[in-house]
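**Student:** Next come the chains, spelled out residue by residue.
Protein chains: 8
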Amino acid sequence: MKNSSIEALLAVLGKSNISPFDALKLLNSHLTSDLGFARVDTGRGITAVLPEVILAQGKIPEEVLKITGSLFSRTGLAIVSRTGEDLSRILLEAYPEGKYSKRGKLFVTGEYMRTPEDDEGSVAVVSAGTSDLHAVEEASIILETMKVDTRRFCDIGVAGVHRLAEVLPSLRECTVCIVFAGMDAALPTVIGGLYRGPVVAVPTSTGYGTAFGGVTALLSMLNSCSPGICVLNIDNGLGAAAAALRILRGSE
Amino acid sequence: MKNSSIEALLAVLGKSNISPFDALKLLNSHLTSDLGFARVDTGRGITAVLPEVILAQGKIPEEVLKITGSLFSRTGLAIVSRTGEDLSRILLEAYPEGKYSKRGKLFVTGEYMRTPEDDEGSVAVVSAGTSDLHAVEEASIILETMKVDTRRFCDIGVAGVHRLAEVLPSLRECTVCIVFAGMDAALPTVIGGLYRGPVVAVPTSTGYGTAFGGVTALLSMLNSCSPGICVLNIDNGLGAAAAALRILRGSE
Amino acid sequence: MKNSSIEALLAVLGKSNISPFDALKLLNSHLTSDLGFARVDTGRGITAVLPEVILAQGKIPEEVLKITGSLFSRTGLAIVSRTGEDLSRILLEAYPEGKYSKRGKLFVTGEYMRTPEDDEGSVAVVSAGTSDLHAVEEASIILETMKVDTRRFCDIGVAGVHRLAEVLPSLRECTVCIVFAGMDAALPTVIGGLYRGPVVAVPTSTGYGTAFGGVTALLSMLNSCSPGICVLNIDNGLGAAAAALRILRGSE
Amino acid sequence: MKNSSIEALLAVLGKSNISPFDALKLLNSHLTSDLGFARVDTGRGITAVLPEVILAQGKIPEEVLKITGSLFSRTGLAIVSRTGEDLSRILLEAYPEGKYSKRGKLFVTGEYMRTPEDDEGSVAVVSAGTSDLHAVEEASIILETMKVDTRRFCDIGVAGVHRLAEVLPSLRECTVCIVFAGMDAALPTVIGGLYRGPVVAVPTSTGYGTAFGGVTALLSMLNSCSPGICVLNIDNGLGAAAAALRILRGSE
Amino acid sequence: MKNSSIEALLAVLGKSNISPFDALKLLNSHLTSDLGFARVDTGRGITAVLPEVILAQGKIPEEVLKITGSLFSRTGLAIVSRTGEDLSRILLEAYPEGKYSKRGKLFVTGEYMRTPEDDEGSVAVVSAGTSDLHAVEEASIILETMKVDTRRFCDIGVAGVHRLAEVLPSLRECTVCIVFAGMDAALPTVIGGLYRGPVVAVPTSTGYGTAFGGVTALLSMLNSCSPGICVLNIDNGLGAAAAALRILRGSE
Amino acid sequence: MKNSSIEALLAVLGKSNISPFDALKLLNSHLTSDLGFARVDTGRGITAVLPEVILAQGKIPEEVLKITGSLFSRTGLAIVSRTGEDLSRILLEAYPEGKYSKRGKLFVTGEYMRTPEDDEGSVAVVSAGTSDLHAVEEASIILETMKVDTRRFCDIGVAGVHRLAEVLPSLRECTVCIVFAGMDAALPTVIGGLYRGPVVAVPTSTGYGTAFGGVTALLSMLNSCSPGICVLNIDNGLGAAAAALRILRGSE
Amino acid sequence: MKNSSIEALLAVLGKSNISPFDALKLLNSHLTSDLGFARVDTGRGITAVLPEVILAQGKIPEEVLKITGSLFSRTGLAIVSRTGEDLSRILLEAYPEGKYSKRGKLFVTGEYMRTPEDDEGSVAVVSAGTSDLHAVEEASIILETMKVDTRRFCDIGVAGVHRLAEVLPSLRECTVCIVFAGMDAALPTVIGGLYRGPVVAVPTSTGYGTAFGGVTALLSMLNSCSPGICVLNIDNGLGAAAAALRILRGSE
Amino acid sequence: MKNSSIEALLAVLGKSNISPFDALKLLNSHLTSDLGFARVDTGRGITAVLPEVILAQGKIPEEVLKITGSLFSRTGLAIVSRTGEDLSRILLEAYPEGKYSKRGKLFVTGEYMRTPEDDEGSVAVVSAGTSDLHAVEEASIILETMKVDTRRFCDIGVAGVHRLAEVLPSLRECTVCIVFAGMDAALPTVIGGLYRGPVVAVPTSTGYGTAFGGVTALLSMLNSCSPGICVLNIDNGLGAAAAALRILRGSE
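Chains as they are written, first to last, in the working numbering: chain A, 1 to 252; chain B, 1 to 252; chain C, 1 to 252; chain D, 1 to 252; chain E, 1 to 252; chain F, 1 to 252; chain G, 1 to 252; chain H, 1 to 252.
This is chain A alone, in the form it adopts within the complex (with noise of 0.2 Å):
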């Protein structure tokens, strides 16, 4: 946080009539990341590196629709997470122009005003197989809304390691590399040992049994013998968008 702003901020406080409590919100305000106050503060201000996501689980449809209108008229774009079929309808008929991933259980509408620096690297997202799509569907559709460069490399087997062999050249091109898997979750270990950049590992819910809904998974990637291995939970596509965000386009 710049001292500067501050620094004009408390010379306006304390030459006006505005109210002490007033003055004190504004003060918070501008140590977290209040949206408000980032437009009086002529868009400078600071916002978090992802806006904010709706998720739908554990809402009602008026809720979210509230909500979504809300995002929408302030800042052109909301993103509802966790979207079963029935609220798709619903928002697609509030809005007809928004976009619904079946798999991905994710609806977005308007577009992301920021646009993104050109040098800013990509981010490849790797899954072992087509079971875990619905959370690559999550993190790719995030990441595509938030016009990162995006790259998919899916069914990378672990029991098939040729097949990583062949994508290993481009997946070194990109700057941040999430990988999904479920089960014993190998192929960040594998990757990890192949891979020099950061790697976001998600545990995907698939397999039976012991696999334990990606309880398995969660585990083998917390203990990868491949040191630097970052973990989210389990099915958390959204979460690992953020993670490739927040390293794509840093802390300033």
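Hints are not guaranteed to be accurate.
Short, incomplete list of chain C residues facing chain B, as computed with Cβ under 10 Å [what the hints assert, rightly or not]:
| # | residue |
| --- | --- |
| 1 | S73 |
| 2 | S88 |
| 3 | L92 |
| 4 | Y100 |
| 5 | G197 |
| 6 | I229 |
| 7 | I234 |
| 8 | A243 |
When the alpha-carbon atoms are kept at most 27 Å apart in a straight line, the in silico DSSO-like pairs for lysine-lysine are as follows [said to hold, decoys possible]:
| # | chain 1 | residue 1 | chain 2 | residue 2 |
| --- | --- | --- | --- | --- |
| 9 | F | K66 | D | K66 |
| 10 | F | K66 | H | K102 |
| 11 | B | K147 | B | K66 |
| 12 | E | K99 | G | K66 |
Please keep in mind that the hints were generated in silico from the structure rather than gathered at the bench.
For each residue, glycine too, the CB sits at the ideal point set by N, CA and C.
Chains B, C, D, E, F, G and H: place on chain A using the hints.
**Tutor:** This is chains B, C, D, E, F, G and H only, laid out in the frame that chain A set:
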């Protein structure tokens, strides 16, 4: 089980004046692997693939000594597993010809009486790193005591796949492959994709935190993407040796 | 892997004008079991013991159809596991000669090309009760599709040990014994004490409450008092079949 | 509880000048098994089937000594469970006639006052191996202190079913059967199929890895295929003895 | 097992010309509780305390019908547990005299042949609230089918201890006390302190969140402060009935 | 938070020449409970209900000494929890007036500065047995150090409900009731049914086997049949004291 | 409990000719909170802080109706929790004046009879987002039915700390603060550092994967860095309301 | 991977007379990160982002010494993690210039050869309290050894949010932020809301009871409300350093 031996037995029973209860015991012995019965039956009886191994854990030294004595005197061989250093000193005092492996916590005295067949094949004992050697040792010494052609391939981490490639030809010459791995246990999956024979996977307690003392490795192995990987209890080198013996020396 | 074939390959590589990258791919294929490479190498190549099986779970019908088509056209055989009834109808429409087992949730079309050797032995498929039949079915159909001599021994509860005694002689004639059991899974321990050959134990999800969907049976099997019992994932009939194939048809 | 004794009590209360609060205490005592009340009621009061046992774990020696003294002076008998060797020395100094079992971690001083009925039956204490003896010892000493006809049947592994067959007739003469087993705990299931009487199963902490300190044995017992097996906490020999006493000496 | 019957059997075996293998089967049958053998042996044979109960779970309707038919025709009684409503309709069509309890998911047809002894005592079936009635029902119907004097004491919550006090005198007249409780399962501990006889505790799946489908109740019961509480699997009313029968009707 | 104090603060800020960044810090301090700010603000600042307590676990002695010194010199009071005996000796050397409770693993030096109000009520500290005293001690000493009227009611087992009845009148006079219990933790449920005030339940690590170091007691408390029982972490006497202080001394 | 009321009772008992057993019941009722006794005792009796709430889960509609009728006729108020929509229709038919909250799954009919004291304080009901509203609703409706001054503060996520800052002054005016949070449940920790009063934390089942249906939120709350946070079962809005009532309306 | 280097290699291979098998090894080395190959290829080879670190755990001192020697002689740097004090003495004797951190259990000897680029950014190492310093130390020393600009921000508890606010501006200047937290691990969520860059979260084993040795912190982090938080294994400071290196120094 041959019908002929039972036939002979029952023929004797009807004519003899042994008590009915003793007859029952004999029949039961026949079904299971009572070594006593095997002696009567001129050594061709139904013996297990592995002689009884004494689990030292939970026993007091006097008990271990007594059972060791009983087994050694009857069969010429006694194996004590999970033997701490204190107990090993007591055993070595009683059996100065015995051998103790501190790493494998295994004490062996005497010699296995049976000569294995020439062409029964060999067992590959594979491990990912030097931290798994306690279990590797337990399996290897049991196998060697049982006069199995045993070949060790240690320190074959998946992070460096090339090391595996180097030993693959030798490994493919073995009849059975026992794989020890801790942490994320990715090794059996990769081997299972490159080696067609039976793979006996043993999770080791190597690692920390969410390695959960080998549980993560176990779960990873049970969910291997390579089909047909068999799994044993954590650090169960003894069980892996027994499984290999079952495969090598078969059901007859 | 035979050095000679690599020698031949590299001899070709050096002289030919194929691109270096294609050469790399060929070498990698050689290391792993790429069926394409094997064909070039006069059919003796390194093929896996079990053809690839399509896991329907987590795939949409179109994907299953596409992969089924690709496998069927290349190998003359396609096996789809965890196939629900809806999917089975779609598959049967596309492959009217195919067969669907509702119980084993398995769809098979085509025929395995390889003729097994005469003396490769047989597999006993044993289960404790009629509640385990879904997994029994999966294993048996896979084995039969692979042209293995398969013998079923069902409803052999440990509570009535005499039933086991009756089938024991026939069971001892088999080369491998696959045991399915749920609840307390005491059966493999008792069989392991009476049968010398390899025992492949598969926990089933039979039971309720603290059966924990098969976890209790799994843990019980992993801690069997009979040494050398190998364990697979819960309800993993397919894996058990693969394990038996690895033992029967071996590493070469 | 007999209405007559309450009747008598309330008759006294109404006429007497004891304080209302003391009356309340008396009534409460009546409901529960307050030994004080039992004294007033000429010793026929409601006593528990097992005298209070002092759990040494978590208590400092002075406290154990004080409670031991109180129990011993009031009832002529004191039992201290989970007693380490250091504490045993302190207790033996205070009660030189007392007896300490290092294996069962049990200290007993004094004598149980009540003479059991002649025909109350006997208790079989069965265990799979010598590694379960710590819990066997705890149960057996408690039962013997309570003057129960106790019969031990040790080292009856399920892997060797014939050993069980040998003791089965003697076992069937017992009224209650307590079974101790660790690892896969298959023994209670087999006994439960061969013995009609009450089976009290106690998992022991014997084993390693996925034995999980007795949890696997516990789960196995709770899911026994033989119906009606009762289960206690891991290594709870004391509880098993109490359960047997409840069955033998009943509710009146 | 009486030696005399074996003596008789072996006398016959020696003289007869039955095949040795059939003789082995007979002996094994004798050891276990094969009902066929018991018929030959003039009905005094070793029968289990509870007839075989058919677990409907995991079986297809045809199988349930077949086993029901076999049991009913041989013993005049068939009990099917975990029976859903669809299956109940099929069973009631086949056995119009049968009875189905929707709550207890139990189907019973026929009658138990044996007349219990006059003084065998009674069983108290206690539950904390109306949410446990599914398991209460299963236990009670089994007991009543087995002609046991069964007394229900429902809705005795520990939060209102006075309700327990009211029924305590009647409860103390019973020989065995089965207690059903979910959530924190405090009831068996309080009863265990007020009732001297055998307490069979059954955790129920009542509750939500950290009730974990009955696991919390199970753990609470296993750690009861009142010694000698026996525990069964979650919702296992059938097992509780069998345990009570074992206590009531004993080992001979 | 009073607007007036912020108003005053901002009035000062605008006119003064303190740096904008220091102003920001001051405002942040105001929001949270920075003791420095409170001093400036004439002592009425926002202080937490419990002074910071130093958790010795995971700190080296030098660090504990430094933080103790800082707290003691600024506030006249320092409390160190989870203090082993070795550390206690070092602390007592530095603060000879301090007091150490070996059982509660608590070191206290200095005095709490604030005089509590006369009518703030009292706290009952209840435990089931003498094995829970380590946590009882931690809570009681914290409360007494904070000058709370603390009353201990120990050894009130549920198995003997009459003991609870005796102390119930005194217990009902207390404003808050902290209950410590291990094993099955039935005590808070029974108290919750007899006592109307706030019940703070603390599971203790008393017990063995499936007590799981207090997890069973925790789960039992979370599922109490008596509504409104609040639960803290295992053995968390300090937290219970803080919870009682929050209730007693409130939000202003 | 006042001695005087017991004194009066016992005075009556002694002189009256009521049966001794009825006297026992009366005394027991006195000790616990039997509502019947309270009516006799002119309403000053010991009633619980919250009337009995009917848990619909696990009960059939007829039972719910009967208990509702009994409670409503005796107390003029009936609350049914965990009420599905089908049941709500049946209840609304029987009690057309009743109210049903679909979100909170709560049915209420009648009115709470007692008038709360004027200065008893208020309860803040705080939640992190709109996905926790099912539990928020349950707690709020219970509190409002009990005539508690209830204030809701929803959608105060920790990721945007400024939102919390805005409501902090109003929150500090409340006597008790109930906090609902799912996922990582960081909210109670932050509130616990800024608010001095009692914090009742309720984990919600919001989230997926390793949220484990609220278990992660529960564990997070139990390990809060802010001391004195009290925790309830997952989604237990009812329990939180009861805990708040215990604090507000106290022990007398 | 650049095609050109492979091209060069294969050109050499074809013409040279090196054995085909050695050629295979070279090619494999090329694919993975064999340091030997990198030397041949004039230092531009594919080396991993972090040199191999020796995990001392599970190795005997002689083995550690041998591997240390091999790494040190080949690369001029050796790092040994999880080094106890005994082992550190042995290592310091062999490498007197080495440095040992008792807290971080890390031994380092030699120097990292590569000079990092000027503008590669810096890493913030943040922790909640002094109890997490063991893992902080491991990460920081690794990073400093790798010549990364490392900045420590310790003792930033969430309970006192103002401390975080103070360091926020400096923290925002860093390229990557590693956050260590135990107990409820609320810190990464709050930082994730205030800091836009990549957040690498490491749960620590700080805490007791339901902290479960760091599992609760891990679960909390995986379910963070702030999207894009990456998680590593418990206490895995080494892994966090590697993850930061992957982000800083990238994939090329």
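**Student:** Taking the hints in turn, state whether each one holds.
**Tutor:** Now the hints, each set against the structure:
Against a cut-off of 10 Å between C-beta atoms, the interface hint on C:S73 is violated, since the closest Cβ of chain B lies about 22 Å away. A hinted interface residue such as C:S88 counts as satisfied when its beta carbon comes closer than 10 Å to some beta carbon of chain B; here the least separation is about 22 Å, so the hint is violated. Using the Cβ-Cβ criterion of 10 Å, the hint placing C:L92 at the interface with chain B is not satisfied: the shortest such distance is roughly 25 Å. For C:Y100, the interface hint is violated, the least distance from its beta-carbon to any beta-carbon of chain B being 21 Å, above 10 Å.
A hinted interface residue such as C:G197 counts as satisfied when its beta carbon comes closer than 10 Å to some beta carbon of chain B; here the least separation is about 3 Å, so the hint holds. Proximity of C:I229 to chain B holds as hinted, the smallest CB-CB distance being about 7 Å (cut-off 10 Å). The restraint placing C:I234 at the interface with chain B holds, with a minimum CB-CB distance near 8 Å, inside the 10 Å limit. A hinted interface residue such as C:A243 counts as satisfied when its beta carbon comes closer than 10 Å to some beta carbon of chain B; here the least separation is about 4 Å, so the hint holds.
Of the supplied pair hints, the one linking F:K66 and D:K66 is violated, its CA atoms being roughly 41 Å apart against a limit of 27 Å. Distance hint between F:K66 and H:K102 is fulfilled; the C-alpha atoms sit about 20 Å from each other, no more than 27 Å. Among the hinted pairs, B:K147 with B:K66 is consistent with the structure: their alpha-carbon atoms are about 26 Å apart, no more than 27 Å. Taking the CA atoms of E:K99 and G:K66, the gap is about 26 Å. The hint holds against a cut of 27 Å.
Against the hints set out earlier in the document, violations occur for numbers 1, 2, 3, 4, 9.
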